[in-house]
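Student: From first to last, the protein sequence lines stand for chains H and Z. Residue numbers for the first sequence follow this note's numbering, so the first one is 233 and each next one is one higher. Residue numbers for the second sequence follow this note's numbering, so the first one is 679 and each next one is one higher.
Hint data in this document are derived by calculation from the structure and do not stem from the laboratory. Each hint should be verified, as a subset may be incorrect.
Unchecked claim - Calculated pairs, DSSO-like style, for lysine-lysine (alpha carbon to alpha carbon, straight line, at most 30 Å):
#1 Z/Lys749 <-> H/Lys633
#2 Z/Lys845 <-> Z/Lys749
#3 H/Lys633 <-> Z/Lys805
#4 H/Lys633 <-> Z/Lys824
#5 Z/Lys818 <-> Z/Lys845
#6 H/Lys436 <-> Z/Lys801
#7 Z/Lys824 <-> Z/Lys801
#8 H/Lys436 <-> H/Lys401
#9 H/Lys249 <-> Z/Lys824
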Amino acid sequence: MIAARLAWGNLGLHRRKSLLIGMIMGMGILILFLGNSLIDTALSGLQRMFVQGYTGDLMITGPTEFPTTVLGETAGSEEVLPHIAQIKKYEDFLASRSDVASTLPLLSGQVSFGIGETELGSGYCFGVNIEDYRNFFPDNVTLVNGDWPTTDEGPWVLLSEPTLALLNKSASSPVGPGTKIIMSALANSAGTVIREVTVKGVIKFNQSNQQLAGITLVDADTMRDLLGFASLRDGAPVLSAQEAAFVAGFDPESLFTDLFVESDPTTANGVAQEVQDAKQGDSAQSTGQGMNSFLEQTNFVADVVPTWQFLLVRVKPGADASRLISDLSAFSEKIGDGDRVQDWISGAGRVARTAVTIRLAFNLLVAVVAVVVVMIMMNVLVISVNERLYEIGTLRAIGAKRRVVRNMILFETTFLALIAGAAGLLVGLVLLLVLGKIGIRAPNLFFEALFGGQVLTPMVSGRAAITAFLWILAIGLGASWYPTIVALRIEPVVAMRGD
Amino acid sequence: MSDIIISLDKVRKVYFLDTVEVEALKDISLDIHAGDFVSIAGPSGSGKTTILNLIGCVDKPTSGTVIVHGKRTSDLDDDSLTELRHRSIGFIFQSFNLIPVLNIRENVELPLLLDGRSGSEHKADRKDWVDYLIESVGLKDRMLHKPAELSGGQRQRVAIARALVMKPAIVLADEPTANLDSATGESILRLMRHMNETLGTTFIFSTHDPDIVEEADHLIRLRDGRIVEDRRIHGKTSIDFAVARGTNEAVDATETEGGQP
Chain H
233 MIAARLAWGN LGLHRRKSLL IGMIMGMGIL ILFLGNSLID TALSGLQRMF VQGYTGDLMI
293 TGPTEFPTTV LGETAGSEEV LPHIAQIKKY EDFLASRSDV ASTLPLLSGQ VSFGIGETEL
353 GSGYCFGVNI EDYRNFFPDN VTLVNGDWPT TDEGPWVLLS EPTLALLNKS ASSPVGPGTK
413 IIMSALANSA GTVIREVTVK GVIKFNQSNQ QLAGITLVDA DTMRDLLGFA SLRDGAPVLS
473 AQEAAFVAGF DPESLFTDLF VESDPTTANG VAQEVQDAKQ GDSAQSTGQG MNSFLEQTNF
533 VADVVPTWQF LLVRVKPGAD ASRLISDLSA FSEKIGDGDR VQDWISGAGR VARTAVTIRL
593 AFNLLVAVVA VVVVMIMMNV LVISVNERLY EIGTLRAIGA KRRVVRNMIL FETTFLALIA
653 GAAGLLVGLV LLLVLGKIGI RAPNLFFEAL FGGQVLTPMV SGRAAITAFL WILAIGLGAS
713 WYPTIVALRI EPVVAMRGD
Chain Z
679 MSDIIISLDK VRKVYFLDTV EVEALKDISL DIHAGDFVSI AGPSGSGKTT ILNLIGCVDK
739 PTSGTVIVHG KRTSDLDDDS LTELRHRSIG FIFQSFNLIP VLNIRENVEL PLLLDGRSGS
799 EHKADRKDWV DYLIESVGLK DRMLHKPAEL SGGQRQRVAI ARALVMKPAI VLADEPTANL
859 DSATGESILR LMRHMNETLG TTFIFSTHDP DIVEEADHLI RLRDGRIVED RRIHGKTSID
919 FAVARGTNEA VDATETEGGQ P
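With the sequences and hints as input, model every part of the structure.
Tutor: As structure tokens, then:
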């Protein structure tokens, strides 16, 4: 193709300008590739840590105005995160999906620890069914000391190593498996709740940062107590027929209507009479049967679903989590309780959001720099076109259509992008491999959280390489837009004017 | 008499330089016959290059009609004019205007490459034809050199080969010897004449060199944008078109065939 041949030749003929533009493009690719690779490394490390250890791929929470982290932190509210009222419906919905690998209900909040009347410290707690938890996060928790609790055991607590160290720092005698400790929390409606629990073991999180390493696991019922929710430790409530009838016909709105109207005694007597009639009728039929039999027939076990604040979801490998989020959000809208469906980034909180924000800010910065680069490149290319007036005029005179001239300029830019891109990516690759060997040490706790450890070991990101190249190609083609217009305006008559 | 390949009728060309109007051509009418070796002579600023621009379809007249190879140029859009230039007209420029990044062979071949025909049968024909032209202009051993490595005369020979590569009906040469010494200029003129006779291509060249003017079959002399002499040498008798048309200044003209060098 003649346009490509001419473009290639021109790059060689105008070496200095080609070198200048090539260096700008190469530096751009290098910075983009390195920057995005570092951010991708940090973000993928955070994603791996949170998804595999704390949040799952996505989560459903009780109704909140703002996103809530899995530690129960939410902007704009100090109150305990509400529970998911119709969690069963979500569980059924998720069970019907082929892209869902597993789910885990969870409670979360901040509690204080003490022994006797001495408060020793506070920390974050997850209230869980331990077997479900270990199945959902099979690789993240290691038992350092003691035993795993059994399903029906309780109340129990698995202290994390930092929490154990905190307690031992102030405790009069060593805390360990078997020690009874006091856990207390300020629940919404119940005021301060205090529970005594037995330390069942000491755990360690394999992937964590300073905040996550201190999480303590506690049995779900104790956590419900501490958060002010009804626990099911003693099973579901058993109601008498009268209570069941009352609950079945109970209208909360009626409590606030006709407050000053005298109640109709016949109505209350009527209900009581109905129940009495039922009992008598039953008694008549149950002649010769014991009291237990009578109770079995007349008492009702309340259909109560355990209270959970979170339902964590893991998707199957290769499944699209964002699609599931979208479908779940639509389902949640249909339920109408205002529950929130959010991704792992919202669940992870500040650190992950910061990493995402840094990437956004970096790309924004790149966009601003790109505008400046486009201006510089555009100027150089316009000068280059103006220096080739006679050449382009001659091409037009001897029969080159405008598209040949346009393609020639576009090929020049594309070749430069390819060469400079390859050079920039190669240098970036070498730098990343070197940095990968020596690592980047976090200068402070913030970066430590961001890096997911004290040292960030950058990885080569293919996505970053492709993004960088596409950016530069777009910048190059953008920069050649105006010079191409200038070139296309050159009339063939220019060739006749002489060099 | 051969067919008329180019016809200008009452052509005016006005350039606007800021607020000043410059009338480069004033009611020019002329006909050029296929296969002629035509010289457009005149001093600087007389309108020679303007006429070539109009005939070469790189410019349009302010008024009047220009017909090239049967096509009225004012009726054609940019693509059609480009196509007409590409197929029917070859250009030889005063400053050679070779493409510096291409070697001699590529420069000669360039108009063919712009054609977009890439079939293997065309490729073979194309190669033979390009080789023949390069050999004809005496640059066979310089085929892979870049223009910057050639002398002025050699570059103009390349330009002649390039102008002929599409086998055009017309070749326009704007002062082709102006940048060359007299000996080289003469050899270039002889080459053009040779090609004109061998291929039957119409050559139209502008010059202000009186010696070169005498080479022509058809002489058009300009002054201040008007034709002052329009003389076609046919056999032993020249025809004074200006007198015949009655629009331009009549010139007494008698020429013999033996007048040619």
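Student: Now tell me if each hint is right for this structure.
Tutor: Hint check:
Only pairs whose Cα atoms come within 30 Å are accepted, and Z/Lys749 paired with H/Lys633 is accepted, the gap being roughly 19 Å. Distance check on the hinted pair: Z/Lys845 and Z/Lys749 sit about 18 Å apart at the alpha-carbon level, within 30 Å; holds. At most 30 Å may separate the alpha-carbon atoms for a hinted pair to count; H/Lys633 and Z/Lys805 meet this at roughly 23 Å. Between H/Lys633 and Z/Lys824 the alpha-carbon distance is near 24 Å, which keeps this suggested pair within the 30 Å criterion.
Using a Cα cut-off of 30 Å, the hinted pair Z/Lys818 and Z/Lys845 holds, with the two alpha carbons roughly 20 Å apart. Restraint check for H/Lys436 and Z/Lys801: the C-alpha separation of about 75 Å exceeds 30 Å, so the hint is violated. Of the supplied pair hints, the one linking Z/Lys824 and Z/Lys801 holds, its CA atoms being roughly 22 Å apart against a limit of 30 Å. This hinted pair checks out: H/Lys436 and H/Lys401 have alpha carbons roughly 18 Å apart, not beyond 30 Å.
The suggested pairing of H/Lys249 with Z/Lys824 holds, with an alpha-carbon distance near 21 Å, which does not exceed 30 Å.
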